[in-house]
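Based on the provided sequences and hints, a complete structural model is requested.
Protein chains: 2
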Amino acid sequence: MNPDAIRQSIHTALGKKPADLIITNGTLVNVFTAELLPGTDVAIKGNRFVAVGTIPSAARGNETRVIDADGAFLLPGFVETHTHIANVFRLHDFVRLVLPRGTTTVVTEVTELGNSLGLAGIQAFLAEARRQPMNIKVTAPCFSPPYPEMETVHPFSLADYETLFRDPDIVGVGEAYWPRIVNNPDQKTLELLSLAWQHHLPLQGHGAGARREKLNAFIAAGIASDHEPITAAEALERLRLGLFVMIREGSIRQDLEGVAAVKDMIRDFRRLSISTDGVTSSRLLNQGHLDVLGRKAVALGFDPVTTVQMLTLNAAAAFGFSDLGAIAPHFRADLQIVAHLEDFTPHTVIAGGRVAAERGKLTIAGEEYHYPLFACNSLNLDPLTAESFRYPANGSEVTVRAVRPDRQTMVTHEEIVTLPVENGNIRPVPEESILKYVVINRYGRQRLSRGFLAGTGIR
Amino acid sequence: MNPDAIRQSIHTALGKKPADLIITNGTLVNVFTAELLPGTDVAIKGNRFVAVGTIPSAARGNETRVIDADGAFLLPGFVETHTHIANVFRLHDFVRLVLPRGTTTVVTEVTELGNSLGLAGIQAFLAEARRQPMNIKVTAPCFSPPYPEMETVHPFSLADYETLFRDPDIVGVGEAYWPRIVNNPDQKTLELLSLAWQHHLPLQGHGAGARREKLNAFIAAGIASDHEPITAAEALERLRLGLFVMIREGSIRQDLEGVAAVKDMIRDFRRLSISTDGVTSSRLLNQGHLDVLGRKAVALGFDPVTTVQMLTLNAAAAFGFSDLGAIAPHFRADLQIVAHLEDFTPHTVIAGGRVAAERGKLTIAGEEYHYPLFACNSLNLDPLTAESFRYPANGSEVTVRAVRPDRQTMVTHEEIVTLPVENGNIRPVPEESILKYVVINRYGRQRLSRGFLAGTGIR
Numbered sequence: 001m002n003p004d005a006i007r008q009s010i011h012t013a014l015g016k017k018p019a020d021l022i023i024t025n026g027t028l029v030n031v032f033t034a035e036l037l038p039g040t041d042v043a044i045k046g047n048r049f050v051a052v053g054t055i056p057s058a059a060r061g062n063e064t065r066v067i068d069a070d071g072a073f074l075l076p077g078f079v080e081t082h083t084h085i086a087n088v089f090r091l092h093d094f095v096r097l098v099l100p101r102g103t104t105t106v107v108t109e110v111t112e113l114g115n116s117l118g119l120a121g122i123q124a125f126l127a128e129a130r131r132q133p134m135n136i137k138v139t140a141p142c143f144s145p146p147y148p149e150m151e152t153v154h155p156f157s158l159a160d161y162e163t164l165f166r167d168p169d170i171v172g173v174g175e176a177y178w179p180r181i182v183n184n185p186d187q188k189t190l191e192l193l194s195l196a197w198q199h200h201l202p203l204q205g206h207g208a209g210a211r212r213e214k215l216n217a218f219i220a221a222g223i224a225s226d227h228e229p230i231t232a233a234e235a236l237e238r239l240r241l242g243l244f245v246m247i248r249e250g251s252i253r254q255d256l257e258g259v260a261a262v263k264d265m266i267r268d269f270r271r272l273s274i275s276t277d278g279v280t281s282s283r284l285l286n287q288g289h290l291d292v293l294g295r296k297a298v299a300l301g302f303d304p305v306t307t308v309q310m311l312t313l314n315a316a317a318a319f320g321f322s323d324l325g326a327i328a329p330h331f332r333a334d335l336q337i338v339a340h341l342e343d344f345t346p347h348t349v350i351a352g353g354r355v356a357a358e359r360g361k362l363t364i365a366g367e368e369y370h371y372p373l374f375a376c377n378s379l380n381l382d383p384l385t386a387e388s389f390r391y392p393a394n395g396s397e398v399t400v401r402a403v404r405p406d407r408q409t410m411v412t413h414e415e416i417v418t419l420p421v422e423n424g425n426i427r428p429v430p431e432e433s434i435l436k437y438v439v440i441n442r443y444g445r446q447r448l449s450r451g452f453l454a455g456t457g458i459r
Numbered sequence: 001m002n003p004d005a006i007r008q009s010i011h012t013a014l015g016k017k018p019a020d021l022i023i024t025n026g027t028l029v030n031v032f033t034a035e036l037l038p039g040t041d042v043a044i045k046g047n048r049f050v051a052v053g054t055i056p057s058a059a060r061g062n063e064t065r066v067i068d069a070d071g072a073f074l075l076p077g078f079v080e081t082h083t084h085i086a087n088v089f090r091l092h093d094f095v096r097l098v099l100p101r102g103t104t105t106v107v108t109e110v111t112e113l114g115n116s117l118g119l120a121g122i123q124a125f126l127a128e129a130r131r132q133p134m135n136i137k138v139t140a141p142c143f144s145p146p147y148p149e150m151e152t153v154h155p156f157s158l159a160d161y162e163t164l165f166r167d168p169d170i171v172g173v174g175e176a177y178w179p180r181i182v183n184n185p186d187q188k189t190l191e192l193l194s195l196a197w198q199h200h201l202p203l204q205g206h207g208a209g210a211r212r213e214k215l216n217a218f219i220a221a222g223i224a225s226d227h228e229p230i231t232a233a234e235a236l237e238r239l240r241l242g243l244f245v246m247i248r249e250g251s252i253r254q255d256l257e258g259v260a261a262v263k264d265m266i267r268d269f270r271r272l273s274i275s276t277d278g279v280t281s282s283r284l285l286n287q288g289h290l291d292v293l294g295r296k297a298v299a300l301g302f303d304p305v306t307t308v309q310m311l312t313l314n315a316a317a318a319f320g321f322s323d324l325g326a327i328a329p330h331f332r333a334d335l336q337i338v339a340h341l342e343d344f345t346p347h348t349v350i351a352g353g354r355v356a357a358e359r360g361k362l363t364i365a366g367e368e369y370h371y372p373l374f375a376c377n378s379l380n381l382d383p384l385t386a387e388s389f390r391y392p393a394n395g396s397e398v399t400v401r402a403v404r405p406d407r408q409t410m411v412t413h414e415e416i417v418t419l420p421v422e423n424g425n426i427r428p429v430p431e432e433s434i435l436k437y438v439v440i441n442r443y444g445r446q447r448l449s450r451g452f453l454a455g456t457g458i459r
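In the order they appear, the protein sequences are chains A and B.
Each residue of the first sequence is one higher than the one before, starting from 1 at the first, in the working numbering.
Each residue of the second sequence is one higher than the one before, starting from 1 at the first, in the working numbering.
Treat the hints as calculated values from the structure; they're not laboratory data.
What you are looking at is a predicted structure, and each value in this text was computed from that prediction instead of being measured.
Some hints here could point you the wrong way.
Put simply, identical chains are the same to the list, so a pair is met inside one copy or across any two.
Said to hold, decoys possible - Using 20 Å as the maximum straight-line C-alpha spacing, the simulated DMTMM-like pairs for lysine to aspartate or glutamate come out as follows:
#, residue 1, residue 2
1, Lys263, Glu35
2, Lys436, Asp406
3, Lys16, Asp4
4, Lys17, Glu63
Here it is in structure tokens:
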């Protein structure tokens, strides 16, 4: 906040200046005290709340927009702590789908973007993010590339990280896979962790399956969060060790049900939140975003106010955001008006002080952003011909190894399949969902990599 | 943490390196989940915890010190969030009195030091603080001088503040008196608030008596905490608005009893802590430090584990400390071993990974620090003679105004007293506790200021 904005906030709270927006007669879900407070008024100036409870009548000016909440619940906007947007959506599409559902802040990974477009690509994404009508923050990729021995992409230098860490929209370091941290970490990784620590940026963890001494070691390295527990016992072990636990419930996995029993094991929920870890467009369209998670948590027996805390203040705390995730003076004016608390369906969403959505429809738009040319011409492919996709073999049939992914566990298995050879080339059997796959290096620096895929259901 | 320290932490947690210190068989007070966990082991490397719960046997090396807690409670070291040390104690004396009682982190105001010695004085204090065997952090004075229209001290410039804010041991801005923020704040104050905000440094508040729209305005300016509520209603109003409330219980006032009823009004205590706001040496010697506050809180009906949270994790959260106030990997290794939880009397205190006190006695010392000469020669007095202290008057007696301070409310009242005149000078009546006072300007730039004091009990 600049000095003038601070002065405006003070004067509006006192009624010496008109508020931009006043919401009257709401039932405040107070995430600090875990209370429901009927008859609460809220005043907004610029992009911040300036007064809650007592609004001087003089703050209601001629230009002040007034919304009567008519007793409905006032919830802070939801905060998504762990997701992957950049490889699935253009931001304006994402915003259109999530903001009307009450999500006003998103922290997203950009590892894939870093891999394909490098530092400049992430900076372009940040430029696009700043033009959106909601609060979009980014974690710097922890390992870029994730597997340097398998990839040819130009790695990020510490100087690149330093550049990112000075950007106010970089709010942490993205998920670190625990074996990379725990099993003989390389010097560059340690230097990155140290640099992030110096910048007070929290390190996000990917601790799938880590336990006992390995989990201790992972956390001792400075890892602050984990979105990977899939049982109540795993969540409990992590919470006890001080990790911010983000229960994952999205398109990749749905872990809320498996983890829910943790609610009866602890007496303090401050480090527990819920995140999607990424959603497909069909899930967003047909089900929803964090609103779905809220409904499911309540259905599983979480207290409704605790559920709001998990989706707001607790989520903000995982990144040390001191002015996000609550309806209070000085906090970013992100709010949703919800008729039935446990329904989590806002009829009005306010983001950064502006009415952003009404009855499920976006009412404001961001600025358009055009990616620079380098980002649009990033595929440097070797010439591809029909020959590129052939898999030559002799005889009339061959026995080959195929990859069978398990959608539930995300683990891939080996499957031995027998395939016909036609005209000197192996033929896949799409009728049985045995497919040929080809991995094409976008940098044009390596040969194609080919194989067979089984059991996906794709024909 | 530097890269090597991170590597050491990881390897010790895994048992590839020996720990420096292991505590076995404690009953962990887990401040994240609010659980008591018997049979917990804890390992320390350097100044940090590296493992809790599972300690590989290989981490117990020949040089590893092992302390058997024998079932006693393991509490995080206490965190003092608001106090004034510099004008009462030399730090080594303070440390000697508080560290054996379980206080391992102190955040102190240095307003008085800033007034008398300026920026260089605060920097000298920081140098002394860094040499102590406990964690001492400092808030930059918010108003220096507090009342520029009444004082001649050289004010801090924004550049001075910028210098302070870059010091890692400056963790916030000290208490801002609410009328100075709310009633037409001057441009320099607003610029200071803005600068602190840019540096992510929390602003401490002094909101005595502020309520409703004035409290909103105070918080809207970015104030993050208040240690001034004296009733449960005041504490509740502040908690609901998102302030970190530090219940004051020290030498100036004892507010725990007056505020305690707030515990039955809220369901979430995360923003509630307890602090002294300053203690005299006699209180420290005869009663104690934060240990007293813990005992009193429990006696007043606070849950013992909640009480530990208020004195540790909640206190750390008020400053956004992400690695303080809990016993968990990566956290600063500050711990106390307490035989009876509600007694809060540690028989062993570990600070920054070292055994710092046993059975009430300090077992380690800080480095000695000698203040630079300018700090020792800071009184620039005009020549003082007997004449300086005379209060001439005619006649045999006079009626004068005296200042009567109220120790309970800290408010001063006017009292009209009649005093004898002897040899042409007014004579105080110490038998009736009517005293003469003289204020001497330490900069030698103004005349003496004199008056009379009544009702202090001093003779």
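The hints, checked one at a time:
| no. | hint | verdict |
| --- | --- | --- |
| 1 | Lys263 to Glu35 | both (19 Å within a copy, 13 Å between copies) |
| 2 | Lys436 to Asp406 | within (17 Å within a copy, 87 Å between copies) |
| 3 | Lys16 to Asp4 | within (14 Å within a copy, 55 Å between copies) |
| 4 | Lys17 to Glu63 | within (11 Å within a copy, 67 Å between copies) |
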